[in-house]
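Chains A and B supply the protein sequences, listed in that same order. Heads up, the first sequence is in this note's numbering, so the first residue is 1 and it goes up one at a time. Heads up, the second sequence is in this note's numbering, so the first residue is 1 and it goes up one at a time.
I should point out that these hints are in silico values taken from the structure, not numbers from a laboratory. Be aware that one or more of the hints could be misleading.
Stated by the list, open to error - Among the chain A residues that face chain B by a calculated CB cut under 8 Å, a handful are:
(1) Glu34
(2) Cys35
(3) Gly164
(4) Gly195
(5) Met249
(6) Gly315
(7) Asn333
Said to hold, decoys possible - Have a look at the derived ranges for each label pair, beta carbon to beta carbon:
(8) B/Ala74 - A/Tyr391: 53 to 61 Å
(9) A/Asn222 - B/Leu6: 40 to 48 Å
(10) A/Asp51 - B/Pro41: 30 to 38 Å
Stated by the list, open to error - Stretch-level coverage of chain A by chain B, calculated; a stretch enters the list once three of its residues show a Cβ under 8 Å from a Cβ in chain B:
(11) 150-163
(12) 220-226
(13) 229-235
(14) 344-358
Just so it is clear, CB atoms sit at the ideal spot from N, CA and C, and this is done for glycine as well.
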Amino acid sequence: MNAQLKNRPALKGFARRDGRKGIRNVVAVAYLVECAHHVSRLIVQKSGADDVHLIGFPGCYPNKYSLEMMQRLCTHPNVGAVLLVSLGCEGFNREQLRRTIADSGRPVDLLVIQQSGGTTRTLNAGLDIVRKMRAELAKQATVPMALNELIVGTVCGGSDGTSGITANPAVGRCFDWLIDAGAACIFEETGELIGCERIMASRAITPELGAEIEACVDKAANYYRIMGYGSFAPGNAEGGLTTLEEKSMGAYSKSGSSPISGLIKPGDVPPRGGLYLLDVVPDGEPRFGFPNISDNAEIVELIACGSHLILFTTGRGSVVGSAISPVIKICANPDTYDRMADDMDVNAGRILRGAELDDVGREIFSLVENVARGELSKSEALGHQEFILTYKQFEPIGPACLPAA
Amino acid sequence: MDTGKLPPLLLLHPDDNILVARRDIAAGERVEVDGAAFAMPVAIELGHKLARRALEADTRVLKYGAPIGSMKVAVARGEHVHLHNLRSDYLPSTSREIGNNGKTDGH
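From just these sequences and the hints, can you work out the full model?
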């Protein structure tokens, strides 16, 4: 590993029953249908606490993916306790979700608005429950946590012609060093890796895994072809990117140069350290629209795979954060950084003005450690807690996808 | 850091046939490409691409040493390479002005 990054003080974690550790101890308030969203939001807002986060699923009809995602999210190591809020008549399997959370050793409670007597009564009951949960969590002390217990995800949003030259390769360096230290790192959005499939396959630890990677990028290309166009926004073009495969090559550099240890799907937690590719494109015929309707949908899936924190690179200037896991913002474009410095944790655009890639990579690495010791990222401090979860459908991964498991 | 001393164009890989603007470059500004100095035919914004040399129609465009699409038309050295003259070899791109770019150019 990079000599300057050795022998550093430990991270701080909250120990969970499943052996994992969290770098935050949040109370999640989860609505189980859009009809319970407002009441849940009121509970979060009126609690007045930054560590009470709003998550949820808006659909009324049951869906295997959304149930699995909610189970993973509610038992994420950064979550200490959960309050579920149901309207009462929706199809979500609230009892299974509640059991999964209880079995994980976390305090959990359920309010059903139709039984509680409407908005105001549910709100007051919810505030009381959240107050007690926070008091309980406040008693929990942190324990030392090592880098090899950390999972880091990366995503790009608002990419431009600078992203693939500055922020993305700087995250790639940081990923290489984190993996050397034993951490698990996840990159994703196979639809934004179209054009990189052969290079990626050649980095797989087995030929069978390489074939799975090529097949999953083919699946993404087919899915987007049916949607009508690829994952390419007008701002990408305004920032100098012309084609999807150009955007892909830039995005791909976030993965660094480590071998690819596995191909996982939303909710699969990496079994050990190493580099993992997350397949976010649904299996089967397209049914529910675009694979990821906005950056936060990808972030939520990275978190469902156990990511403790997210490295988010942006050229045009995204401001989002996330519920559950802190988001570190790495700005690729020096002009964007000058305009939006309050939202950006790292100015990777300074590489275009003569700074070294390794220096920016080291800065990101240090920030990962500091945020994993409790320091707030910029988006966290600004109160960003975006969350979105929609319908999808996946088949389980095949045996060739995780050769190391 | 005095950015004025840094060359305004980046060659990301020796095989590339495009260059990337390290900062906004004005039309008429003198730049050097592969040892030859010339005046920029058009203005180029930070992060955008220009032709390293004259490119024929259907030329594979290389960036990071990897293909990023093919030229729709021929361009001269120094020309802006973007949606109006470069197409994806995979899926069409979209823009606010013309919607689904692929549908307007028949790709």
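Now the hints, each set against the structure:
Because the beta carbon of A/Glu34 sits about 28 Å from the nearest beta carbon in chain B, more than 8 Å, this interface hint is broken. Hint status for A/Cys35: violated, given a least beta-carbon distance of 34 Å to chain B, over 8 Å. Taking 8 Å as the C-beta cut-off, the interface hint given for A/Gly164 holds, the closest approach to chain B being about 7 Å. Annotation: interface hint on A/Gly195 holds; nearest CB of chain B at approximately 6 Å, less than 8 Å.
Among the interface hints, the one on A/Met249 holds; its C-beta lies about 5 Å from the nearest C-beta in chain B, closer than the 8 Å criterion. Hint status for A/Gly315: holds, given a least beta-carbon distance of 7 Å to chain B, under 8 Å. For A/Asn333, the suggested interface contact is upheld, since its CB lies about 7 Å from the closest CB of chain B, less than 8 Å. Between B/Ala74 and A/Tyr391 the beta carbon distance is about 46 Å. The supplied range of 53 to 61 Å is therefore violated.
Restraint check, A/Asn222 to B/Leu6: a C-beta distance of roughly 43 Å satisfies the suggested window 40 to 48 Å. At about 56 Å, the beta-carbon gap between A/Asp51 and B/Pro41 misses the expected band of 30 to 38 Å. A stretch counts as covered by a chain when three or more of its residues have a beta carbon under 8 Å from one of that chain; for the stretch 150-163 of chain A and chain B the count is 3, and the coverage holds. Using a Cβ-Cβ cut-off of 8 Å, 3 residues of the stretch 220-226 of chain A lie near chain B, which meets the minimum of three, so the contact claim holds.
Counting residues of the stretch 229-235 of chain A whose CB lies closer than 8 Å to any CB of chain B gives 5, which reaches the minimum of 3, so the coverage claim holds. A stretch counts as covered by a chain when three or more of its residues have a beta carbon under 8 Å from one of that chain; for the stretch 344-358 of chain A and chain B the count is 5, and the coverage holds.
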